[in-house]
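Protein chains in written order, with full-length UniProt numbering: chain A, 1 to 328; chain B, 1 to 309; chain C, 1 to 429.
Keep in mind that a hint or two might mislead.
Claimed, not checked - Which chain A residues face chain B? A few, computed with CB under 10 Å, are given here:
(1) I73
(2) R91
(3) G131
(4) S134
(5) P137
(6) N152
(7) R153
(8) M176
(9) R182
(10) D190
(11) L197
(12) K199
(13) Y204
(14) Q207
(15) F211
(16) S236
Please keep in mind that the hints were generated in silico from the structure rather than gathered at the bench.
Glycine included, C-beta positions come from ideal geometry on N, C-alpha and C.
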Amino acid sequence: MDWNLIFTRAIEAGIGTEAVIYALAAIGLNIHFGYTGLLNFGQAGFVAVGAYGLATMIATFGLPFWVGVLTGIAGAVVFALLLGIPTLRLRADYLAIVTIAAAEIVRLVVRSIALQGTFGGTDGLEAFSDGFYSMNPYGPGEYGIGPIGFDNRTMWVLTVGWVLVAVFCVLVYLAMNSPWGRVLKAIREDEDAVRSLGKNVFSYKMQALVFGGVVGAFAGFLFALSRAATQPDLFSTELTFYAYTVLILGGAARVLGPVIGAALFWLLLILVKTGMEEAVNHQVITFISVNQVGAINYMLVGLGLVLLLIFRPQGILGDKREIALDAR
Amino acid sequence: MHAETVSEKKAAALAAFATLETEPGVAKPDPILVVDKVVRRFGGLTAVNVDHMEVQRGSITALIGPNGAGKTTFFNQLTGFDTADEGDWTFNGRSLRGVPAHRVARHGMVRTFQLTKALSKLTVVENMRLGAQNQRGENFFRSLIPGFWRGQEDEITERAEELLERFKLDAKRDDFAGSLSGGQRKLLEMARALMVSPELVMLDEPMAGVNPALTQSLLGHVKALREEGMTVLFVEHDMDMVRDISDWVIVMAQGSVIAEGPPDTIMADHRVIDAYLGAHHDAPMSVEEAEEQLQEAEAEIEAEIEEKA
Amino acid sequence: MRSAVIAFTAFLGGLILFLAAPTAWADGEALKGTLQNQGQPVSGVKISAVTDSNAPVGDATSDAKGEWSIAVPKPGTYKVTLDAKTLPSGVALKFKDRSSLTLQVYEGNVRNVLFPLVSAGAANQGGGQGADTNTDTVWDELAQLLFDGLALGLIIALGALGISLIFGTTGLTNFAHGELLTIGAFIAYVFNTAGLHLLIAAPLAVIVAAGFGYGQERFFWGPLRRRKTGLVSMMIISIGLAIFLRYLLLFIFKGENLPYEQYVAQDGIQLGPISTTPKGLVAMGVEIVVLILVGLALMFTRLGKATRAVSDNPALAASSGINVDRIIRIVWAAGTAVAGLAGVLLGTTQILNYQMGQQVLLLMFAGVTLGGLGTAFGALVGSLVVGIFVQVSTLWIPPELKTVGALVVLILVLLVRPQGILGRRERIG
Chain A
1 MDWNLIFTRA IEAGIGTEAV IYALAAIGLN IHFGYTGLLN FGQAGFVAVG AYGLATMIAT
61 FGLPFWVGVL TGIAGAVVFA LLLGIPTLRL RADYLAIVTI AAAEIVRLVV RSIALQGTFG
121 GTDGLEAFSD GFYSMNPYGP GEYGIGPIGF DNRTMWVLTV GWVLVAVFCV LVYLAMNSPW
181 GRVLKAIRED EDAVRSLGKN VFSYKMQALV FGGVVGAFAG FLFALSRAAT QPDLFSTELT
241 FYAYTVLILG GAARVLGPVI GAALFWLLLI LVKTGMEEAV NHQVITFISV NQVGAINYML
301 VGLGLVLLLI FRPQGILGDK REIALDAR
Chain B
1 MHAETVSEKK AAALAAFATL ETEPGVAKPD PILVVDKVVR RFGGLTAVNV DHMEVQRGSI
61 TALIGPNGAG KTTFFNQLTG FDTADEGDWT FNGRSLRGVP AHRVARHGMV RTFQLTKALS
121 KLTVVENMRL GAQNQRGENF FRSLIPGFWR GQEDEITERA EELLERFKLD AKRDDFAGSL
181 SGGQRKLLEM ARALMVSPEL VMLDEPMAGV NPALTQSLLG HVKALREEGM TVLFVEHDMD
241 MVRDISDWVI VMAQGSVIAE GPPDTIMADH RVIDAYLGAH HDAPMSVEEA EEQLQEAEAE
301 IEAEIEEKA
Chain C
1 MRSAVIAFTA FLGGLILFLA APTAWADGEA LKGTLQNQGQ PVSGVKISAV TDSNAPVGDA
61 TSDAKGEWSI AVPKPGTYKV TLDAKTLPSG VALKFKDRSS LTLQVYEGNV RNVLFPLVSA
121 GAANQGGGQG ADTNTDTVWD ELAQLLFDGL ALGLIIALGA LGISLIFGTT GLTNFAHGEL
181 LTIGAFIAYV FNTAGLHLLI AAPLAVIVAA GFGYGQERFF WGPLRRRKTG LVSMMIISIG
241 LAIFLRYLLL FIFKGENLPY EQYVAQDGIQ LGPISTTPKG LVAMGVEIVV LILVGLALMF
301 TRLGKATRAV SDNPALAASS GINVDRIIRI VWAAGTAVAG LAGVLLGTTQ ILNYQMGQQV
361 LLLMFAGVTL GGLGTAFGAL VGSLVVGIFV QVSTLWIPPE LKTVGALVVL ILVLLVRPQG
421 ILGRRERIG
């Protein structure tokens with residue numbers, strides 16, 4: 001077994017594109033769920049709106065890169081408003097079902113044959129990332145320390161990604177330590193109490209939904225750009241659920257929770273996956289095939305989520321007294 | 001109950017009521033809240049059907065009635081937490097029909113809840129700060145630049161600390177509200193309501209679940225509200241408390257106001273006694289209602305046993 | 001003349017299979033068909049498929065039952081060709097110019113492909129005539145869609161019933177309920193492939209599923225509730241459990257589409273304007289009977305009344321002497337059994353797949369939500385509405401978007417009536 005390979009891949013995954021994308025998606029979820037208590041199960045929808053907003057403007061309509069970015073952000077805002085108006089007055093469980101439905105609507109619409117000309121159907125869209133990579137300051141080649149390294153395109157994605165993560169963490173820190181954030185945390189606990197104190201709860205929830213949704217759209221930008229392609233089925237409900245796993249692993253209602261969670265989630269996932277693949281390839285494990293490793297890996301994700309919530313719902317950084325999990 | 005000197009405000013309130021008829025819906029000299037024909041139905045059940053009711057400014061008015069009389073539902077209509085099917089009501093001459101709860105609070109009509117809603121995962125002082133109005137930092141964009149709101153936050157904190165001191169909660173300032181006792185939560189909720197700077201304070205069963213040791217202090221605080229010029233409307237079951245602090249009593253039964261008057265006369269009113277003793281004799285009941293009443297009756301008996309003990 | 005009638009019947013048979021297979025909500029796209037001549041299967045015929053850019057996708061040979069299927073990687077346009085040289089002697093294509101068909105496969109669609117066969121010599125040289133006999137009026141189409149919608153709605157209702165009862169009694173929104181369908185279907189598959197006829201395997205699977213549900217409550221959810229785990233927490237735990245179970249099934253059964261041994265292909269029957277299969281009718285019959293039985297049990301048995309009492313107010317039910325824990329365990333067992341049955345019935349009308357339950361989960365949630373969370377009868381009504389809406393909406397919208405239509409309607413209904421169709425408003429304060 002090549003332990004070097006296993007650890008190199010795991011560490012690369014922990015700081016790599018997936019970790020950045022999930023960190024951003026989970027920062028958005030943290031604003032929704034961690035701080036405001038909104039059980040948004042449609043984060044994949046926001047990520048999809050970001051990715052497709054960017055890709056469609058550039059690939060289908062031939063508009064410049066920045067128009068794509070602005071469209072993705074505007075799309076996330078509109079999606080949040082559309083989603084929020086019917087759902088934010090509902091109970092948490094209704095909200096969960098409606099948001100998951102809304103995210104599926106987005107996925108089914110962008111993969112539909114009827115709109116293939118615009119969104120590319122199941123093949124998705126390509127050829128929209130030149131504008132982004134033309135800004136790449138890294139010359140061609142490999143960059144890295146020791147065995148850990150990335151090519152110049154990935155380096156550019158990671159640089160932009162981690163800067164975005166840092167920026168959003170600062171914004172979340174400032175917002176959540178302000179009177180605005182105090183209203184959100186109060187809503188998480190008891191909306192009626194907040195209403196009786198003269199705060200427009202609906203408006204605050206909507207603001208939180210928009211804020212977190214826009215962060216999700218940025219995850220979508222990176223998702224699309226890092227692959228130089230979008231496919232509708234990347235934005236299935238599992239993306240949302242893995243983002244929840246990331247958030248809860250790191251610690252909900254903590255500024256750095258999603259970041260630590262994303263890095264650790266991907267590090268562990270790839271560590272186990274590569275480890276098992278190596279073990280199978282070297283006949284250390286003989287009763288499964290390499291094809292089954294993926295299934296086992298996701299079984300472990302599911303199991304991990306269950307065990308986390310039972311034994312450490314506050315995750316790594318969280319404060320058990322503060323999280324919204326015991327609320328309805 | 002020891003004899004007390006009648007304060008100026010109390011005297012003024014009593015004087016206002018002195019000449020009034022003790023009829024339901026009687027007009028008050030200076031009403032802060034006027035209710036007209038408010039109806040709320042749940043399916044076939046009419047929970048609230050108040051023809052006319054006025055609340056005198058600067059008074060402490062009690063709203064009493066047997067369980068299921070619709071008091072809390074009525075509170076919910078008035079404060080915008082539920083939508084009335086019919087009717088209108090004005091606060092300081094301004095119609096509040098269809099006005100959402102948070103606007104009602106901003107107009108100066110602030111309520112508390114029967115089941116205390118202290119925000120237990122916020123500290124006591126954060127609970128208090130939340131009550132303040134027009135905090136500039138509650139706007140998302142301004143919240144990102146602390147310079148915009150720090151100064152105002154300091155003023156708010158100062159006011160919060162004064163109130164906490166008055167309600168004897170200053171020692172708990174930085175504790176999570178969840179760590180407070182039931183009575184302390186009631187106090188916190190009342191103090192937090194005062195942070196809104198209300199004109200009319202609506203207390204839904206302020207004494208429910210309060211340790212007897214704290215009762216006197218709570219009563220004192222309610223009276224103090226009137227001394228500061230606020231109007232109090234409260235729902236209560238504890239007749240001793242009603243007699244002790246209220247200037248005027250409004251009695252509800254089966255959704256309607258059936259009697260009004262000063263506390264001493266109202267306790268002897270035959271309509272009130274009928275309502276308490278025979279409230280549901282003639283009304284057909286569904287199984288669920290029957291169960292609910294049974295449960296409530298049990299709770300009442302238990303409460304009485306506790307009182308006597 | 002006689003052979004023309006036979007050919008037409010064969011054509012209709014294929015058409016019926018195409019219409020009656022309510023497979024369109026599955027995700028695994030495929031092409032399949034059954035080759036028959038005069039009601040007899042035709043085996044050993046080679047069929048191949050290519051994409052619209054002529055890239056080969058796969059080929060298949062019809063088996064002893066005349067069946068063949070080719071999995072396709074994704075929705076799109078495919079050209080399917082029957083190799084006429086491989087037809088047995090004495091059998092020919094009815095329309096000689098139709099050995100290649102270009103077809104659209106939609107998302108989740110297992111597209112039936114029809115190659116009408118006739119005894120050699122009777123082949124129609126002109127072609128196309130057979131299709132002209134199929135002039136459905138809008139009303140016939142509507143009747144067919146209503147029927148298909150009812151079939152889908154009944155399956156959803158079986159699943160939704162469990163979701164609703166479990167929500168009502170424990171407050172849990174169970175995201176792993178779709179997997180309960182899948183597990184039921186696969187348990188039956190295990191019994192079935194072990195040699196038991198499906199008619200024996202299915203009831204056994206339902207019993208095992210009931211045990212699984214009971215055990216799940218007894219050893220997992222019950223202890224979690226006693227730990228005072230919050231409802232949101234439990235909801236997310238159910239998501240973790242769903243992921244775990246789904247990939248466990250993938251691990252054990254691979255990602256393949258598996259059929260039961262019996263009732264895979266059946267000749268269709270025609271009821272007025274409605275085309276269906278005997279198994280489809282039997283499935284609907286079973287579903288209706290089970291739903292009525294559960295409904296009656298809830299209304300009139302002690303257990304049913306106790307269940308409704310627990311849904312209404314667990315504390316009050318407990319104080320009036322009802323053993324709440326026992327009721328909840330029975331609800332879990334019954335809910336899982338009914339879900340397992342739904343899975344088996346779904347498996348007879350479509351192919352088994354590790355994602356089959358997850359794919360109807362949202363529709364079940366839509367049914368439950370539409371009816372009002374926690375009201376069992378609301379869930380039934382809501383599910384039927386969802387099923388019928390999904391199918392009938394294809395009159396106006398592309399079939400691939402029919403789920404979107406249902407979900408949009410769900411959101412719109414909640415906008416107008418947040419408590420659902422039969423739900424009650426909550427008291428505040």
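We went through each hint and held it up to the structure:
no.: 1; hint: I73; verdict: 15 Å, violated
no.: 2; hint: R91; verdict: 15 Å, violated
no.: 3; hint: G131; verdict: 29 Å, violated
no.: 4; hint: S134; verdict: 32 Å, violated
no.: 5; hint: P137; verdict: 29 Å, violated
no.: 6; hint: N152; verdict: 34 Å, violated
no.: 7; hint: R153; verdict: 33 Å, violated
no.: 8; hint: M176; verdict: 9 Å, holds
no.: 9; hint: R182; verdict: 6 Å, holds
no.: 10; hint: D190; verdict: 5 Å, holds
no.: 11; hint: L197; verdict: 5 Å, holds
no.: 12; hint: K199; verdict: 6 Å, holds
no.: 13; hint: Y204; verdict: 8 Å, holds
no.: 14; hint: Q207; verdict: 5 Å, holds
no.: 15; hint: F211; verdict: 7 Å, holds
no.: 16; hint: S236; verdict: 31 Å, violated
Comparing the model with each numbered hint stated earlier shows that hints 1, 2, 3, 4, 5, 6, 7 and 16 do not hold.
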